[in-house]
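Enquirer: Now for the letters of each chain:
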Amino acid sequence: MNEAPSHSAAIHRSWRLAGDWKALDEVRRYLEFGRRFCHTACREAAMMASWELAENVIKYGLVDGDKVTGTMTIALWPGRTLIRTENKANWAEGAHEVISTITRLSTATSVRELYVQRMQQLLTGEGKSYTRLGLLRVAYEGGFQLSYRHEAPRLEISAERRCDSPA
Amino acid sequence: MGPCELRFEGSLANHQVQADLRRNITALHERIVADGCQTITVDVQGLHFVDSSAIRIFVDWIGRAAGANYQIVFLVDPNMTWQRLSFNALKSLGTDAVEVREMGPASSTKSEPSE
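Residue numbers (the working numbering), protein chains in the order written: chain A, 1 to 167; chain B, 1001 to 1115.
Honestly, the hints are just simulated from the structure, not real lab data. One or more hints might be untrue.
[Stated by the list, open to error] Far from chain A, by Cβ distances over 12 Å, these chain B residues were calculated:
no.: 1; residue: PHE1008
no.: 2; residue: ILE1025
no.: 3; residue: LEU1028
no.: 4; residue: THR1041
no.: 5; residue: PHE1049
no.: 6; residue: PHE1058
no.: 7; residue: TYR1070
no.: 8; residue: LEU1093
no.: 9; residue: ARG1101
no.: 10; residue: MET1103
[Claimed, not checked] Incomplete in silico selection of chain B near chain A, CB under 7 Å:
no.: 11; residue: PRO1078
no.: 12; residue: ASN1079
no.: 13; residue: THR1081
no.: 14; residue: LEU1085
no.: 15; residue: ALA1089
no.: 16; residue: ASP1096
Even glycine gets a Cβ: it sits at the ideal position worked out from N, Cα and C.
Please model the complete structure; the sequences and the hints are all you need to start from.
Expert: Here it is as structure tokens:
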């Protein structure tokens, strides 16, 4: 189960996500601002992960009013980064797939193997209508541990990684 | 650059740019086949940011290349985590249609993700 970013987080901030991607420009600036907590490789990983998680919200989230909306929170501690998204998601078209992927990641002996396996499926035409590489990429390329909390229709995804080695 | 070489620079995270790229790759694929080009070299060292939809474009292109019996040689920058890891994964797809060449020395200061 996910915990709320604690007040002892060195810095944290939230954004409202919508289909125009404007929030991600602010996320990029925020990660630059927080560079004392997050070395270059960690910032690259955080930027990639925040992008993929935002795409997840926008692509698979429930339309609220006239567009999909959700929130993203990034909390930075020295040596630790947490990215969290929250949105409403339809079970059949969004939440089920997300939860299934995170569950597979949490029990996999090789995250890389899952990533390659999905690429292989795309190559052979299996499940081609959706890319579904984003969460796998967050775990494999970004080195993030993913977890979720689902209280239908609300879906919360957390991605956390340690950033021990300085650039 | 000659007709069998291609270079990417910038970022590939914009849906319109990706749609344009898909169209251009389709045209390029047809040209490669028509010209009988056996290998195309794709330099992605200047590509600093992509999303997973862009990686999907590369996967689809590799599939087409495998079907048409030509090879795509990606020149990657091993200091960029996404390039090192994702192209390494692409290399593992079990097809001769893709080769990955790491250009320059790999950095020893960047952290590897845990599996």
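Enquirer: All hints are to be evaluated individually against the structure, with a verdict given for each.
Expert: Hints, one by one, checked against the model:
1. PHE1008: At about 17 Å from chain A, PHE1008 (chain B) clears the 12 Å cut-off, so the statement holds.
2. ILE1025: holds (15 Å)
3. LEU1028: holds (19 Å)
4. THR1041: holds (21 Å)
5. PHE1049: Nearest chain A Cβ is 7 Å from PHE1049 (chain B), so the label is violated.
6. PHE1058: Violated, because the least Cβ-Cβ distance between PHE1058 (chain B) and chain A comes to about 9 Å, which does not exceed 12 Å.
7. TYR1070: Check passes; 16 Å lies beyond 12 Å.
8. LEU1093: violated (6 Å)
9. ARG1101: It holds; ARG1101 (chain B) is separated from chain A by about 19 Å at its closest Cβ, greater than 12 Å.
10. MET1103: With a cut-off of 12 Å, MET1103 (chain B) remains clear of chain A, as the shortest Cβ separation is near 18 Å.
11. PRO1078: violated (13 Å)
12. ASN1079: Because about 10 Å separates ASN1079 (chain B) from the closest Cβ in chain A, which is outside the 7 Å limit, the hint is violated.
13. THR1081: With a closest approach of 6 Å, the THR1081 (chain B) hint holds.
14. LEU1085: holds (5 Å)
15. ALA1089: holds (5 Å)
16. ASP1096: violated (13 Å)
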